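Read off the chains here:
Number of protein chains: 2
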Amino acid sequence: MTTGLQFPLQRLATGLLLLLSVQHWAESGKVLVLPTDGSHWLSMREVVQELHSRGHQAVVLTPEVNMHIKEEDFFTLTTYAIPCTQDEFNHLLLSHTQLFFETEHFLKKFSRSMEILKNMSLVAHGACVELLHNETLIRHLNATSFDVVLTDPVYLCGPVLAKYLSIPTVFFLRYIPCDLDFKGTQCPNPYSYVPKLLTMNSEHMTFLQRVKNMLYPLALSYICHAFSAPFASLASELFQRAVPVVDILSHASVWLSDFVKDFPRPIMPNMIFLAGINCLLKNPLSQEFEGYINASGEHGIVVFSLGSMVSEIPEKKAMEIAAALGKIPQTVLWRYTGTRPSNLANNTILVKWLPQNDLLGHPKTRAFITHSGSHGIYEGICNGVPMVMMPLFGDQMDNAKRMETKGAGVTLNVLEMTSEDLENALKAVINDRSYKENIMRLSSLHKDRPVEPLDLAVFWIEFVMRHKGAPHLRPAAHDLTWYQYHSLDVIGFLLAIVLTVAFIAFKCCACGCRKCCGKKGRVKKAQKSKTH
Amino acid sequence: MTTGLQFPLQRLATGLLLLLSVQHWAESGKVLVLPTDGSHWLSMREVVQELHSRGHQAVVLTPEVNMHIKEEDFFTLTTYAIPCTQDEFNHLLLSHTQLFFETEHFLKKFSRSMEILKNMSLVAHGACVELLHNETLIRHLNATSFDVVLTDPVYLCGPVLAKYLSIPTVFFLRYIPCDLDFKGTQCPNPYSYVPKLLTMNSEHMTFLQRVKNMLYPLALSYICHAFSAPFASLASELFQRAVPVVDILSHASVWLSDFVKDFPRPIMPNMIFLAGINCLLKNPLSQEFEGYINASGEHGIVVFSLGSMVSEIPEKKAMEIAAALGKIPQTVLWRYTGTRPSNLANNTILVKWLPQNDLLGHPKTRAFITHSGSHGIYEGICNGVPMVMMPLFGDQMDNAKRMETKGAGVTLNVLEMTSEDLENALKAVINDRSYKENIMRLSSLHKDRPVEPLDLAVFWIEFVMRHKGAPHLRPAAHDLTWYQYHSLDVIGFLLAIVLTVAFIAFKCCACGCRKCCGKKGRVKKAQKSKTH
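Taken in sequence, the protein lines are chains A and B. Residues in the first sequence are numbered consecutively from 226, following our numbering. Residues in the second sequence are numbered consecutively from 226, following our numbering.
Hints listed in this document are in silico derivations from the structure and should not be mistaken for laboratory results. Heads up, some of the hints might be wrong.
Said to hold, decoys possible - Taking lysine-lysine pairs in the BS3-like style, the calculated list, with each CA pair at most 30 Å apart, reads:
hint, chain 1, residue 1, chain 2, residue 2
1, A, 542, A, 333
2, B, 672, A, 255
3, A, 693, B, 661
4, A, 507, A, 693
5, B, 631, B, 542
6, B, 437, A, 732
7, A, 652, A, 552
8, B, 552, B, 661
9, A, 343, A, 255
10, B, 672, A, 693
11, A, 577, A, 589
12, A, 408, B, 421
13, B, 693, A, 672
14, B, 589, B, 693
15, A, 631, B, 408
16, B, 541, B, 507
17, A, 672, B, 255
18, A, 672, B, 672
19, B, 672, B, 652
20, A, 693, B, 631
21, B, 408, B, 421
22, A, 408, B, 437
23, A, 631, B, 693
24, A, 408, B, 408
25, A, 542, A, 408
26, B, 507, B, 577
27, B, 652, B, 693
28, B, 661, B, 693
29, B, 255, B, 507
30, B, 343, A, 693
31, A, 421, B, 661
32, A, 437, B, 421
33, A, 408, B, 631
34, B, 408, A, 437
35, A, 626, B, 693
36, B, 589, B, 652
37, B, 542, B, 343
38, B, 437, B, 343
39, A, 661, B, 693
40, B, 507, B, 652
None of the values given here were measured: they were computed from a predicted structure.
Extracted from the complex, chain A is given alone in its bound form (with noise of 0.2 Å):
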């Protein structure tokens, strides 16, 4: 159906399409980049190496200490000092992610999650206290005249920004918790079909389903105030006016976001969807990685990845993976930092670091293990690879429940999993048509749209350029408080109305009846001592 020229005939003509766009848009405009560190700078960065293709100039804006976030020939790098080293930074992330793995008892493996999250959250919000007190640089910000500001609002500071310099403003996201989009966008929400994150609910519920989608919202809604109440505080202070949360998120004009991923749920008109645009551009392959796929022979090869913030897992989980791995014919590529496990078979490859996309597009790649991360499972909807799915945290349970759904992988526990539960997924979905045939329909389904999302998400960056904002795109619900949105107010006045009205005739009926009594009463009386 899909043809090899088509991709990159498409990709011209939307060039086309949008180049239109720059001569529309006829002087070069100024980008103000707040990126999210981590895999979200990933996609972001390709929507900045694009704005500068077009001729735009982005300054990235981020902390000296990060992850991802280094200079490139395509955008000024800008960094501020935080209260934290590279090491202390490190060592934050890696206790994290090692959380996983620990079989500590819940309790206190949850209470350490919460320890560690504080941290996090420390460390963000004083780097975003340094951002917004820091003079010089804000003077300089102002003195720039941005055109429009392009955040990641999954960490708040770079709306807070966006919003006190007063530029029109995009928000590139992911996906953000505690339902801030939806409040945000001031789009609706329906408990009984959306799936709430981390309930790992489908959208066809049972009744207990939907009782568990109502009340997981409620227990984390005391993250959820830990994770904004911060930066509300801080625009507060900035603003001189009590500023909530939902006003910092309102100033964006327009949300570019691939947080819609599968299920159809109510969306408002400057919600721009671009899931997979991480998965469009593909490099040819290495010789190293050409020659493993070539000496695999009939069976291929399984792309194995548990994403860029884990590299090493605990030496007796990766024994049993490596047990698992060894039994299937297929030659596995593992991307694995840590020490090599001594049962490793010799199918099994370990890699530093693997070109994912381009391997999972290569025809003989059969299956991909991933940890179900928003990168990994675009890049096999797209590339149509059937999953063996393990979540290690954040939405990635919810990710693999939606693929697994779809039949188009099967999802693991990897803390309780053992090497045959491994083993007996890859099997299955390698050598079971029903897993190929799924993730195949659901790849046709993603890249059959009329606009790749890379040139969606730069036409509406130019755009709020162009406008100056997107005022026109802005819902009236912003302006209403919460009752006159549920029309409480309204619905108050006419329940009063009806029921002063029954409330009347209720009495007048009442008052003719005693009157209509009174006179036969009276009537029956007279008659009465008349006869008497």
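The hints should help you fit chain B onto chain A, whose structure is shown.
Below, chain B alone, put in the same frame as chain A:
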């Protein structure tokens, strides 16, 4: 900002892009088109023409008695008999438009209006019965193996037939009364900021306007029931089970519509917006019209049309209008087939038909006098021409209100206005620069989009053909009851638990207190008796 070359180039690019979709869709598709007559057909006709030019075969199925749907070379016309002659049909339509200008008492006019509506409904329903009971035709349609049905759901017969034939369906609509679009797509519909049809509210409403917004749908529910119930009965008879209207409408895979004209509000992922599909294609003006424009001098022209339904008006009103038109220095091109008003000034030219969009696109056009139908409004916006609006019926009042709110025109009540009102309105929109600036801003926002609406329409129709529907865009809300949708069962359950726990806690406390007090009481009593 925009060059003359840009839009043809943009069409070329989107054309190339969509051509790739055709490549994607290897064979040509068979499209069954069930249009709604009148101006609704005018934009659907363009989509059918585009489908034909991309290699698809379209069969247009329509009653043999109709207004505008005639044989053309880009589709096969199939007609079916209806229980009404062309004369009766024309008379019915004429009585509808004539009624508007009659100056009877409101109640009398309302009752006549209801009678005409009832007669129209009877004809529409009768036609549908004829179609659905025409066994030969239904057999033929079944045998043809259509890939997709394209229909305008404002005439509910199309959706009923589509569901009956079990063919994936795309709705193409301009507007649909009684919030059936919200119901059919399970789209949330907040009363607090989404203005209801006929209320003439804007998105920013006062308290009383919000009360009106809530009461209007209640008041119109009788008419809504009369409009839709006959088709629900027809469907129930066909399917041998109760089929509510929402079920008929929820059969559609994709809704291509321009019914979100302006105010941002919740939408669903299968709603695709194509506003202004009719104003992209332009033809050169004929010598006759070029002549009028050239002769108009520096003052330019004013275009005046009350739409395809109304081409003549009562003589007195026509004379009032003619008097006003004579007082402006512009040349007025007036589409009018009635008797020539005796006071017609030299600057006013009566024509039986005019190329509205081409004239509005001419740089010498200063203003547009319109009944503010959907097509006219968009042609005004696309071409950036300020408007004097004289809404007559249907959604026209709302359209006019929306343009007025945005400062792009002036609304007049055609029954109550004086000659001076029209003169002043015309002079205002022509001489007050703010009207031109506002409509130009609207125009630039409206035309700035990543894909042209005609291409988008064709893309989604082909998408539904390629994937045999779009079940991945169907929200799970369709499978919930109303109380499940609003989580009333979950809320009730949780409330019951909270109340039970509170009740038990209260009882335990009360019991504890009693025991405690009882003991104390007994102790006190014992102490008392000892001391005594």
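Against the structure, the hints come out as follows:
1. A:542 / A:333: 21 Å, holds
2. B:672 / A:255: Answer holds: residue 672 (chain B) to residue 255 (chain A) is near 23 Å, not above 30 Å.
3. A:693 / B:661: Between residue 693 (chain A) and residue 661 (chain B) the Cα gap is close to 19 Å, so the pair holds against 30 Å.
4. A:507 / A:693: 34 Å, violated
5. B:631 / B:542: At roughly 28 Å apart (the allowed maximum being 30 Å), residue 542 (chain B) and residue 631 (chain B) satisfy the hint.
6. B:437 / A:732: Given that 30 Å is the threshold and the Cα spacing comes to 28 Å, the pair holds.
7. A:652 / A:552: Roughly 9 Å between the alpha carbons, so the hint for residue 652 (chain A) and residue 552 (chain A) holds.
8. B:552 / B:661: At roughly 21 Å apart (the allowed maximum being 30 Å), residue 661 (chain B) and residue 552 (chain B) satisfy the hint.
9. A:343 / A:255: 35 Å, violated
10. B:672 / A:693: 16 Å, holds
11. A:577 / A:589: 21 Å, holds
12. A:408 / B:421: Between residue 408 (chain A) and residue 421 (chain B) the Cα gap is close to 24 Å, so the pair holds against 30 Å.
13. B:693 / A:672: Roughly 16 Å between the alpha carbons, so the hint for residue 693 (chain B) and residue 672 (chain A) holds.
14. B:589 / B:693: 48 Å, violated
15. A:631 / B:408: Holds: residue 631 (chain A) and residue 408 (chain B) sit about 27 Å apart, inside 30 Å.
16. B:541 / B:507: Measuring from Cα to Cα gives roughly 36 Å; hence the hint is violated.
17. A:672 / B:255: 23 Å, holds
18. A:672 / B:672: 26 Å, holds
19. B:672 / B:652: 27 Å, holds
20. A:693 / B:631: 18 Å, holds
21. B:408 / B:421: 14 Å, holds
22. A:408 / B:437: 27 Å, holds
23. A:631 / B:693: 18 Å, holds
24. A:408 / B:408: 23 Å, holds
25. A:542 / A:408: Measuring from Cα to Cα gives roughly 41 Å; hence the hint is violated.
26. B:507 / B:577: Satisfied, since the Cα-Cα distance of roughly 20 Å is no more than 30 Å.
27. B:652 / B:693: 54 Å, violated
28. B:661 / B:693: This hinted pair is violated, its Cα atoms lying about 46 Å apart.
29. B:255 / B:507: Holds, because 28 Å separates the two Cα atoms, which is no more than 30 Å.
30. B:343 / A:693: 50 Å, violated
31. A:421 / B:661: Answer violated: residue 421 (chain A) to residue 661 (chain B) is near 47 Å, above 30 Å.
32. A:437 / B:421: 35 Å, violated
33. A:408 / B:631: 27 Å, holds
34. B:408 / A:437: Between residue 408 (chain B) and residue 437 (chain A) the Cα gap is close to 27 Å, so the pair holds against 30 Å.
35. A:626 / B:693: 26 Å, holds
36. B:589 / B:652: 16 Å, holds
37. B:542 / B:343: With Cα atoms ~28 Å apart, residue 542 (chain B) and residue 343 (chain B) stay inside 30 Å; holds.
38. B:437 / B:343: Holds, at about 26 Å.
39. A:661 / B:693: 19 Å, holds
40. B:507 / B:652: 28 Å, holds
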